[in-house]
Amino acid sequence: MFNVNSAFYRFLTDLQKKLHTEFALKALSETACLLYTSPDSIQVVYYRCDSKKRVPIASDSRVIHIDEDLWITKPDLLLNRIAALAGKAQRIHARNTVVARIEKPVAMAFQQEHHLQVALPGKYRYGLFHEGELVAAAVFSGGRQMENKPADYRSFELLRFCHKQGLHVVGGFSKLLDAFERDFEPGDVMTYADKDWSDGSSYRKTGFTIVGQIEPQIFWIDKRTMKRYYESTLPEEIVEQSSDGRVQSGYTPVYNSGSIKLVKA
Numbered sequence: 057m058f059n060v061n062s063a064f065y066r067f068l069t070d071l072q073k074k075l076h077t078e079f080a081l082k083a084l085s086e087t088a089c090l091l092y093t094s095p096d097s098i099q100v101v102y103y104r105c106d107s108k109k110r111v112p113i114a115s116d117s118r119v120i121h122i123d124e125d126l127w128i129t130k131p132d133l134l135l136n137r138i139a140a141l142a143g144k145a146q147r148i149h150a151r152n153t154v155v156a157r158i159e160k161p162v163a164m165a166f167q168q169e170h171h172l173q174v175a176l177p178g179k180y181r182y183g184l185f186h187e188g189e190l191v192a193a194a195v196f197s198g199g200r201q202m203e204n205k206p207a208d209y210r211s212f213e214l215l216r217f218c219h220k221q222g223l224h225v226v227g228g229f230s231k232l233l234d235a236f237e238r239d240f241e242p243g244d245v246m247t248y249a250d251k252d253w254s255d256g257s258s259y260r261k262t263g264f265t266i267v268g269q270i271e272p273q274i275f276w277i278d279k280r281t282m283k284r285y286y287e288s289t290l291p292e293e294i295v296e297q298s299s300d301g302r303v304q305s306g307y308t309p310v311y312n313s314g315s316i317k318l319v320k321a
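Just remember that our numbering sits 56 ahead of the position in the sequence shown, which is counted from 1.
Hints listed in this document are in silico derivations from the structure and should not be mistaken for laboratory results. Don't take every hint at face value.
List of simulated lysine-lysine pairs, DSS-like, C-alpha gap at most 30 Å [as the list claims (entries may be wrong)]:
#1 Lys-82 with Lys-108
#2 Lys-130 with Lys-82
#3 Lys-251 with Lys-74
#4 Lys-160 with Lys-261
#5 Lys-73 with Lys-130
#6 Lys-279 with Lys-73
#7 Lys-317 with Lys-251
#8 Lys-320 with Lys-160
#9 Lys-73 with Lys-283
#10 Lys-279 with Lys-74
#11 Lys-283 with Lys-160
#12 Lys-251 with Lys-179
#13 Lys-317 with Lys-179
#14 Lys-130 with Lys-108
#15 Lys-179 with Lys-205
#16 Lys-317 with Lys-108
#17 Lys-251 with Lys-130
#18 Lys-283 with Lys-108
#19 Lys-283 with Lys-109
#20 Lys-130 with Lys-179
#21 Lys-283 with Lys-74
#22 Lys-108 with Lys-251
#23 Lys-130 with Lys-109
#24 Lys-160 with Lys-317
#25 Lys-320 with Lys-251
#26 Lys-82 with Lys-283
#27 Lys-279 with Lys-109
#28 Lys-144 with Lys-74
#29 Lys-130 with Lys-283
#30 Lys-261 with Lys-317
#31 Lys-179 with Lys-320
#32 Lys-205 with Lys-261
#33 Lys-82 with Lys-279
#34 Lys-261 with Lys-251
#35 Lys-108 with Lys-74
#36 Lys-109 with Lys-317
#37 Lys-144 with Lys-261
#38 Lys-73 with Lys-251
Can you make the complete structure from the sequences, with help from the hints?
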């Protein structure tokens, strides 16, 4: 039996309103619940803060894993991203946009408003503009030399990509990637797909190949504020404590689903 709380009830209500559909519920545990409509539609697994680890879901449709802390701290962004994946976002075609390099402050502000993960400055930043408005952005690392490769070979990492909330630029990712490749002629571009949200198929459509899997990553959630911490960003007085000590101090561990590593040569 899933223990429903007020946060989950608001999530269910707002999600159904956002997508204009009714979801059925299936309890996976006391702290995890599956929301679904039909077998071939998008499915959502909602985890309360004490869930710790993911529940495997066998499905041919897209399965999204949602943590309670992200819902509480970023509700609009979370709903807009789910809506976009469900095909409910406003669509703009990349051919009607202009690609240009953007400055770090612009890229950081855009990520903070439109990306669920921590904003990263990167070294090279590209944006798509529609009628003068920034509607998508991609952030890349600097080039890295690779062992067993020619001296001029450089590998770059795609660090972040996101659309403006409520919009989906059809072909936007390809247009940004093409612009970057024209400018720098990389030996390869590497990136990671978050398995909570993606199976990597959108990257494979643009020429990326899966080369590995990254193990689930642990986060620590301050249950009083719902603030999420990486191990490296925990407050000094918490990072020195044992796992049991952190729990006693009001923190709970949460594991994501891991990531898929992809490379485009």
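Checking each numbered hint in turn, tell me which of them this model violates, lowest number first.
Per hint list: zero violations.
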